[in-house]
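Number of protein chains: 2
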Amino acid sequence: MKKRLFTPGPTPIPEEVSLALAQPIIHHRNPEFIEIFSRVNENLKYLFQTKQDVYTLTSSGTGAMEAAVANLLSSGDKAIFVNGGKFGERWGEICRAYGVEAIEIKIEWGRAVTPEEIETELKRNPDVKAVFLTHSETSTGVFTDVKEIAKIVSENSNAVTVVDGITSVGAHELYMDEWGLDVVITGSQKGLMIPPGLSFIALSERAWEMVERSNLPKYYFSLKKAKKALQNGDTPWTPGIALIVALDVALKMIREEGLENIWIRHEKLSLAVREGCKALGLRLFGHPPSHAVTAVYFPDGIDRKEFQKVLKYKYGITVAGGQEHLKDKIFRISHLGYYDELDIVGVISALEMALKDVGYEGFNPGDGVRAVQRVFAEFEGVVEKRNEDDEFPNCCH
Amino acid sequence: MKKRLFTPGPTPIPEEVSLALAQPIIHHRNPEFIEIFSRVNENLKYLFQTKQDVYTLTSSGTGAMEAAVANLLSSGDKAIFVNGGKFGERWGEICRAYGVEAIEIKIEWGRAVTPEEIETELKRNPDVKAVFLTHSETSTGVFTDVKEIAKIVSENSNAVTVVDGITSVGAHELYMDEWGLDVVITGSQKGLMIPPGLSFIALSERAWEMVERSNLPKYYFSLKKAKKALQNGDTPWTPGIALIVALDVALKMIREEGLENIWIRHEKLSLAVREGCKALGLRLFGHPPSHAVTAVYFPDGIDRKEFQKVLKYKYGITVAGGQEHLKDKIFRISHLGYYDELDIVGVISALEMALKDVGYEGFNPGDGVRAVQRVFAEFEGVVEKRNEDDEFPNCCH
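Protein sequences appear in the order of chains D and L.
Position 50, counted from 1, in the first sequence is what the numbering used here calls 50; the numbers after and before it change by one each time, with no gaps.
Position 18, counted from 1, in the second sequence is what the numbering used here calls 1018; the numbers after and before it change by one each time, with no gaps.
FYI, nobody ran anything at the bench for these hints, they're computed from the structure.
Note that the coordinates shown come from a computational prediction; the quantities given were computed from them, not determined experimentally.
Backbone N, C-alpha and C define an ideal beta-carbon position, used for all residues, glycine too.
Incorrect hints may appear among the rest.
Said to hold, decoys possible - Taking lysine-lysine pairs in the DSSO-like style, the calculated list, with each CA pair at most 30 Å apart, reads:
| hint | chain 1 | residue 1 | chain 2 | residue 2 |
| --- | --- | --- | --- | --- |
| 1 | D | LYS327 | L | LYS1225 |
| 2 | L | LYS1225 | D | LYS86 |
| 3 | D | LYS312 | L | LYS1252 |
To be verified - Sample of chain L residues with no beta-carbon within 10 Å of chain D, all distances over it, derived:
| hint | residue |
| --- | --- |
| 4 | GLU1089 |
| 5 | GLY1110 |
| 6 | SER1154 |
| 7 | GLN1231 |
| 8 | LYS1252 |
| 9 | VAL1369 |
| 10 | ALA1371 |
Full structure from sequences and hints, please.
Next comes the structure, spelled out in structure tokens:
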């Protein structure tokens, strides 16, 4: 059976990227690798829309989150985080593991923190050093307006804005420098279309100043060591060479498609998934929706386990379940990375058939797919229109 | 030109392992992956010769070193490390980054610490909590008798013995449980024959008791989190899935060849490299020699840069240079992992030709290869002969 992954990490890997993984290994100090790594670094700047260097860490995304905390802050520092999902909550857990006073904004899982809530907490804690945000909360499928919040943070405090872009980079509009995001991180098995094992982090000049003052312990994730090594086009420790060689291919694909086109594609595919689900009578969970992953309530009255089994073993489709207290309430369909229109037709069609198989009667066969096709026929991208003269980091001519 | 890597990480990757890397990605919570990961874990126990679980971290080997320090120790604890090379020195750097009082035994790079030196330092510091060792010091090609030292440590202190086996696991005899090694770590791009990006760590019961008491900050590298996740056959963070799928294939090859045979092969190939070099009039650096990597002085009177260039660009051979103050003094030939007799014939032959090309006259063409062949003809493995009834962790029938 053909297997199709619709999970928010790992995400499907293009065939040419897979084949790059299988190439003979090269040494990381060889000129051949140094050239690849340099091109990767330039393309990552484009992806992050920043002039700052983007550092490649050999770890999962959580490693880059820890790198942000351990390198920016000092013991006893205060930081704000938003517990509106499993990954927002993680910022708080990491801060506390390092003795940082983590001020929690706890919101119902399924909605986004508002700029006003951030402003209120900043006014209550004027000495906060960092605000940790989650651009696309993978556990709930909720999008947070980090552009607006970054403005609020800089108007109301001296804190840096740190953005978990693990499932937003390469899916959602993100202009790190222009929006004044001080730190952005992401992971490899997401919009970057390669297997898990690498994470990425970029820091503004203000954030680098904090790194100079930070006294929290770190070694493997030391960004000062990473910065020093990158001056020689290098990493402090042996990097995930094969993954970086594959990343080079994936980033070339991203350059060819163009970042704005990729954002529009994600917007369109996510809208199609939502419309398709609604046409099947399914209720969506979470608002506003991320373009990377759609969370959907299981319909009442069906056998949820049976539904997931049919989806996986009869139709070859792997979606993600809910996490923590959402475990038996929602499932999540990812459309992050290497997906196109027919992939979405496929997953909605499989949903239709699997729902019928388990006796759900809320729609007529074809309703979902018809709604999906309508989106594709009518969709007009609404990504911020930019003047062509706007300066784009665009270093790989 | 065919390219041949003779570097102590990355090491060459068998074709079947490379092809496993290129397989379609699977989700880490899918039964298919859980089965692979469970088999990998059993085979890692065999590799480490331990009944303890071996934890797979998504990081380079340095990450596992940091995991050992951050999970075992508490602030202000004392630990002994041996600075006899770049990697031994690293233990001290990590300890200090975490506020551990690191007691240095500084020895000349190129020799091994003796059990007596460890004993002396233990008597001077009876409150030491850990002794950090480097089984095969990659920077100098020196082997350390960790079996003997572990005995000394347990006879003279309550400290745990922590072994960096990054370039020894899969090359040198190592019986973690039987030798009383409390912690053993290794990396993926070494004896395990897969690309960099994974590291491995196993802990004795005594070491786990220390983990319970440790107060150093950690999150990504938290071994308690790793232990909890492994109870469900899982990892706390998304693991390097593609690398683990490849590791499964590599470990099957290791099981098929048999660990004792692999150790004997490394002993034979390393002896052949040393004899080949000596027959060319080259002086070996470091003693006693590691079976993973051979360090050789550049001969006097040749243009070292030209020699390395010829080797790399005319003969396709990448060897490693020296590190730190040994940079212009030695080069290092690795024979760790996926190498056989003809690979050694090839590298010694390339050395002969490249040395002639740069005007070195200390031998007659063929001298090196002849010495290599003689070793192969006469070699008898001296790996400790074990009774067949000895209990081997051997869980994958």
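Quiz item: Regarding the assertion that L:GLU1089 does not contact chain D, is the least Cβ-Cβ distance greater than 10 Å?
Solution: holds (13 Å)
Quiz item: With d taken as the least Cβ-Cβ distance between L:SER1154 and chain D, does d exceed 10 Å?
Solution: holds (28 Å)
Quiz item: Does the claim that L:GLN1231 lies outside the interface with chain D hold up, using a Cβ gap greater than 10 Å?
Solution: holds (18 Å)
Quiz item: Taking C-beta pairs only, is L:ALA1371 more than 10 Å away from all of chain D?
Solution: holds (27 Å)
Self-check item: Minimum Cβ-Cβ distance from L:GLY1110 to chain D exceeds 10 Å
Solution: holds (22 Å)
Quiz item: Is it true that the CA of D:LYS312 sits at most 30 Å from the CA of L:LYS1252?
Solution: holds (28 Å)
Quiz item: L:VAL1369 clear of chain D by more than 10 Å, beta carbon to beta carbon?
Solution: The claim holds: L:VAL1369 sits with its nearest Cβ about 25 Å from chain D, beyond 10 Å.
Quiz prompt | Status of the stated non-contact between L:LYS1252 and chain D (beta carbon gap over 10 Å) | solution = holds (18 Å)
Exercise. Verify the proposed pairing of D:LYS327 with L:LYS1225, using a straight-line Cα cut of 30 Å.
Key: holds (20 Å)
Quiz item: Within a Cα-Cα threshold of 30 Å, do L:LYS1225 and D:LYS86 meet the stated pairing?
Solution: The hint holds at about 16 Å.
In this structure, every one of the numbered hints holds.
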